[in-house]
Every structure is written in structure tokens, then in C-alpha cells.
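2 protein chains.
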Amino acid sequence: MTKTDIARRVYDNAWKLDPIVRSLLDTDFYKLLMLQMIWKLYPDVDATFSLINRTKAVRLADEIDEQELRDQLDYARTIRFTKKEMIWLAGNTFYGKKQIFSPEFLAWLAEFQLPEYQLSRKDGQYELTFAGRWSHTTMWEIPALAIINELRSRTAMRGMGPFALDVLYARAKAKMWSKVEQLRAHPDLRISDFGTRRRHSFLWQRWCVEALKEGIGSSFSGTSNVLLAMDTDLEALGTNAHELPMVAAALTKTDAELAEAPYKVLQDWNRLYGGNLLIVLPDSFGTAAFLKNAPDWVADWTGFRPDSAPPIEGGEKIIAWWKAKGRDPREKLLIFSDGLDVDTIIKTYEHFKGRVRMSFGWGTNLTNDFVGCAPLPFRGLDPISIVCKVRDANGRPAVKLSDNPKKATGDPAEVQRYLKFFGTEDFVEQTVRV
Amino acid sequence: MTKTDIARRVYDNAWKLDPIVRSLLDTDFYKLLMLQMIWKLYPDVDATFSLINRTKAVRLADEIDEQELRDQLDYARTIRFTKKEMIWLAGNTFYGKKQIFSPEFLAWLAEFQLPEYQLSRKDGQYELTFAGRWSHTTMWEIPALAIINELRSRTAMRGMGPFALDVLYARAKAKMWSKVEQLRAHPDLRISDFGTRRRHSFLWQRWCVEALKEGIGSSFSGTSNVLLAMDTDLEALGTNAHELPMVAAALTKTDAELAEAPYKVLQDWNRLYGGNLLIVLPDSFGTAAFLKNAPDWVADWTGFRPDSAPPIEGGEKIIAWWKAKGRDPREKLLIFSDGLDVDTIIKTYEHFKGRVRMSFGWGTNLTNDFVGCAPLPFRGLDPISIVCKVRDANGRPAVKLSDNPKKATGDPAEVQRYLKFFGTEDFVEQTVRV
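Which chain is which? The protein sequence lines are P and Z, in order.
Mapped onto the numbering used here, the consecutive letters of the first sequence carry residue numbers -12 to 421.
Mapped onto the numbering used here, the consecutive letters of the second sequence carry residue numbers -12 to 421.
Don't read these hints as lab results, they were simulated from the structure.
Any given hint could turn out to be false.
Copies of the same chain are indistinguishable here, so a pair counts whether it falls within one copy or spans any two.
[Said to hold, decoys possible] BS3-like mimics (lysine-lysine), calculated; alpha carbons at most 27 Å apart, straight line:
1) Lys304 with Lys340
2) Lys(-10) with Lys200
3) Lys310 with Lys70
4) Lys(-10) with Lys70
5) Lys71 with Lys(-10)
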């Protein structure tokens, strides 16, 4: 028996590219749900997405080699949905519903390819934008972020020897498992993986998902990553994102239309999906304004995903609103997903236990927590706060306010217009770490 | 490129035995130094070694399959020193000395084979004894202990799935590295690996040795394991053990001879070796008695290895004795090696810093610390306190008292005779954990 597989060794040393994104399913499930809606209702809308690195101190264009970035982006553009993937999308049950994707949409999807990108550098950062039909550019968000984050990890680890890498991953695994142990103490606490975009790497995300599956069993509700959901027989989770109300608002011509936009998007969503998929993301232009102006039928939806308010305060306000609308919060669902880690998850869970159904979409601190794991002190693997947001729709600027002014995105003048229009009630400035 | 090496996979699943001990160099260096002395000065002495499991609560004969144990012991008996090993023993410099082993001894060693063993069961424990010429039976001590310990680890891990094992080793590595980090804070603290006999497994010991090499660099003085010293270009460390005075004492016929035995052994040692190898192991029959009766020349030796007294009290007494003999302790060496872990190492180091040279022989807690590492609570990998001691020499009972009554071994009546003869001054009863 040979000790070294020589062919494997030569191959490992000779390959040209280790692709970061290898499947179009390696994205968040909500992108596919939104894509079907965009394809159906907004087929002619153009939308430009662009990368925003909120951690300015990290100069991405200095850290990540431009050619490597181009090679990864170019590779992603070569990928198509495979037959197996298409069959799974058609045959799988999502949120208890069969055939959530229409045959027409799937036929269109079978031909899907990521569109072109524009890449340049400015002040040590990459300007990475995706311009074109919304139904194409939207699909870049997750792979672009995953590529940037994993390239950054790879670059950071380039100088480490085999032993240092061994210790690094051992410690990261030990750290992850200590989190699992904390969660095991709360068997009714429902957790899901929302960490695709910010992950350290694909393989590490897969390990973390395995750890949750192994460690908390049925308390692990599933993953937002469609590929991992398929490969590991987990539920694919997620509903909708800010880009829907952002684009809908950007396309409006009058104040009346702007005021209606966040609710019109929900009505469209309800026509397409419904049931367990009726989750409101209320903070695009501030949760307080959203709740104040919301029609009564919004209270009939399954739940809310507060995404930028402090979880306890934000949750309390939604519960109060449900009660004011005569609804029983114990039948409603709150999905927390903003900058969570085990301590905030458990604290929030303990706070609301018995008063509302809850679910926790755990992101960056699940799939990219290498803080303190390198054998020698090293900050190069600390996660950064990076997003890929819609910047304009049909040439009109798109804006997100959120409940945290630090998370606002969009043309500054237009942000001011929105702030004036929707108000800033209950806004809480919080440091954005991840 | 195939993803799975099919031949390797089949081989991995089909092999008959995964040998624990694969080389006669996989032993402690002091066994070879002692062996040369035994071969030269005591060629006709018979000595029986036997296994003693001080952790009675662990029923080894229930945990470890007898056939597996026999297979491992039988395999070890098939091993011979290889040509490469013989050349290395002849050509390497040990403790700064060339040709420490005589050509005649090496010629004899080239033919060496581990002798027969006797294995039976009693009260859930194995009775494992090695009877015959001391020059042969002495060599079983380390492989026998390594085999028992690793078989026990393997058995304990048999029920774990791949993920559990992954977490187990990740946590053990993380735990080990956190110890390395503590030691890094004390660059003048000299550590060596004395963990062969109690190791979790050979591969794990090798990993721990690598970790120390990588993590504390030149503060890592070397390893007692001859094979690892050879393979990783480290110093092979260790001098002598209790078996020398134990056998010498057992062979005595008169009280005068018994009183002389511990010093006569040192004189023999000095004739063979000398220099840096002049390390006194003072506790065989109690350190207080040893120091009280020691001839002045003992104070000329390089250092002492207190092995059963509490390190600080034990060290202080030896320092006081050196001073009383007019020697400067700062030119002397204390080698601590009893049940050490990072906290006791650092505490002892801080206590004596600047007053004496020190070295720490780190054993069980270096190479077998899996406490709290299994993904679910599990005690099956906690180390046990197991030794392989000389029981009689030429049919006469051999005794070890040590400074801790819990570590005494030998026929009870004979232990009483020794206690009466040498006294019990300064004896401190301490729980023996490892």
C-alpha cells in the first residue's frame, strides 16, 4: 500500500483554481423565492447591486488579489443549475408546500447564468457592481459576498504552516462546539443557519451546519443555503429581503405611492406564496413608520423578522403592535437574524419565552468566528461587515434606512428624503460589527 | 481525479492489526541507558516486572479485550531494532556525549527481542507480568504501558462517529494549545516530553511533541521517546529510574548493604556515564533518608529529580541540602516529573526562578489530557494511574517507598521492613491522579 497517492499530490499542487462557488444553489433560499417574484412581476426592471464594505479599516483591495477575485467571479459565471438541482427544486417541499416554483419559472431558471460584473478599485476598496436586469443582478449578492469573504480568509491563511492551520481549525471547532453546548441547554430554542454570505469558507459553513445537526438535532430548523439543504436533507429557510421594498420604493413616482410601496410588495408576495412564507421584514424604512401605517391585514401574517432594531426592544414593539391589533403573539413568530451570537440568542430567547414563537437565523458568528483561534495573535480572520445592496432601480436611487442609522444605505440626498418622509421614531444607533 | 483511493479504502477496512508499538525505539531513553548498565553489571540477574493499575475503579480487564491485548503484545515481540535505528543510536550525540553506547552493547542490542509475557485476569484487572533476565524484562515497561493505555483509548472511542471524533481531537488540540500559550509567557522555562508510557496514543504523543516544538521552540528541551527524538531531530532525554536502586536493594543480604544500595547504584552509574547524566533520583526509599545518609560526592552530581514529594517542598529540601554541603544551587539542576500540568509547572518555576536551574518532564497531562474533550460528557478517556514495576529480583521482593505512601509498591511485609529501616520522615500522602 503506497503511503502517498502520487497522482492526487501532483493534482493538488498543480490545479489552477479552487472555485469558491461551485453551484448556483450555493446561495440563500430567499433569493430564489424573490427571484421568482421578480421574474414574474418585475421582468423588465433594471437593478444595480453594489458591494459595500462597512469595515473601512480593512482595505479589501490591498488584501485580496484582483486577478484571483476576477478568476472566482468569472468561474461563478460559468456555472449553470445542474439537472439534479433542477429536479430537486421541482420535487422538494419548501415550508410545507409542494411545487413552490412554477414550471415556467424553472424552465427559465434552467438557462440562468450570472450576468457580467464591473470591478475597479478606489481608496483601497473594491468597487464591485452588477448592472442589468434585476432578475439577473439579484443573484450575484450571495456568491459575490461569499467569494470576497473566502478569498479574504484564504489570503489571511496563506502564510500559515500546516501546524498553525491545524491549531486554527481545531480551535475554531472547539469554539463552535462550546456554542453548541450552550444551545443544548435550551432544547426548545430553534436555530437556523443564515451564514452563507459571511462565511469563512464553504467547507467551514458545511462543518458548522453538521455541528448543529449533530449537536442540537431537531432544534436546528435548517439552513438558508440551498445547496447545503439539498446535500444534507435539511429545510431550506428564508423568505424575503430588503431589496423588494427598496426597489418598489425606488420605482414610485409620488409620495402616495412611496407610502404604499412597503405594503404593496407584501400583497404581491402573498399572491405568490402565503402560508408559512408570510414573514414581514419591517425595517426597510424604519419599523415604527412601518407599523404605524400598516393595514390591518399585515397582522394576519405569520410573523416578523426584525433585522436592525435591538432584538428585545424591537420584538417588544412588534408584540405590542400585534396586541393592539387584537392578535395573540403566542400564535405569531419572531425571526431574529441581526448580528446574533449565542449570548444574544439565549438572552433574547429567555426574554420572550412563552410569549411568542421564535426562531433565530444565525449568521456571521456561526460561520465566521475565528476570533482568537490562530495559534499566534492575528486579526486577519476577524469577520468584516460587508453587504451587497441594490443601489438603483431603473436608474432611480434605492434606499434602505433600517432601525439603525449605521446600516442605512443609498444616495445621501435620497436617504435624507426618506428619513423626512418616514420619520426616525425609535431609531437606535448601534455599532455594526458583522 | 478519483475522489476516493479505492485500494486504500479497502486496505483500511481490511487490516488485521493496527500495531500500537512499531519500533523498539518507541520507549523512554532512560531504559536504554539503564539497559546498558544492567547488561554490563547485572547480566545474570532475574527481575520480574508487573503491571499495577492504581486506578482500581477502572476495570481494565472489562474494558480491554484480552485477545486484542495479546495481539498487541505478540506484535511487539516480533519487532527488532532496524539497521537505521542501530546506526542512529551509534552515531547520535546524547547529552553532549558521542558513542554513549559501547559497540559491544549495540551488537547485543541488534539481536534484542522482548521476552515472553504472562497474562491472566483477576477481579476485573489484568495480571500482566514479565519474568526472566532483568536485561530483557526491563524493556517491557514502556511498551506494555503504552499498549494498555492506547488500547483503552481505542476501546473508549469505538462508539464515536466521525463527527464526535473530529470534535474530540479538535478540543484536545485546542486544550493543548492553550497550555502552550501559557508556557510561551515563560520563555526561560524548560519543558520536556516524558509522556510515552501514559499517552493516549502514539500519534497523539507525536502531535503534542510537534505542538511544543512549534509553540515554545528552544524552550522545549526534548523528549524521552527515542523514536520521536530520532524522527524529529530532538534531544532524547532521561537518565535513570527507581528500578536500579530497587533491584540493588532487593539483592542485598545485610542491613549495611541495604543502606549502601542507593549510593552504590549511583557509583556504578557514574562509572558508566557521568557529566550531564549525573541526575539523582532520591525518593526510592524516601528522600529524607537518602539525603541524610548520602556521601558528600552525591552533592557533586549535576542535579536531582524529585519524583514524588510535592514539588516546592521537595525542591526546597534538596536546595537546603546542597547549601548544607557548600554547593551553590544556582549551578545545580532540579528535574520535576511527577504528575505535572501547566499550572503546577508554572507555579514551581516561579517559586524557584533564579535560585536553581530547572527542567520539567511533563508526562500524562501532556500526552493524555482528553478530560472534557468528548462532545458529550464522557469519562472513558480520563487517564488512569498505571505503572509497570519491578516486583522481585532473583526471587527476592523489590520495594519502592517514595515520598508519598500512596505510591509505595512491593510485598507489604517487605514494605514495612523498608519503612522501618529507612524511616518515614517528610512523607506526604498525596492523591495519585496520574
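Here's how the hints hold up against the structure:
In this homomeric assembly, lysine 304 and lysine 340 come within 27 Å of each other (Cα to Cα) only inside a single copy, at 16 Å, whereas the closest approach across copies is 61 Å. Taking the shortest Cα distances, lysine -10 and lysine 200 sit within 27 Å of each other only across copies (25 Å), while inside one copy they are farther apart (34 Å). For a Cα distance limit of 27 Å, the shortest separation of lysine 310 from lysine 70 qualifies neither inside one copy, at 48 Å, nor across copies, at 84 Å. For the homomeric pair lysine -10 and lysine 70, the shortest alpha-carbon distance between copies (21 Å) is at most 27 Å, but the shortest distance inside one copy (38 Å) is not.
Proximity of lysine 71 to lysine -10 under the C-alpha cut-off of 27 Å is restricted to the inter-copy arrangement: shortest distance 20 Å between copies versus 36 Å within a copy.
Figure legend: structure checked against the earlier numbered hints; the only hint not met is number 3.
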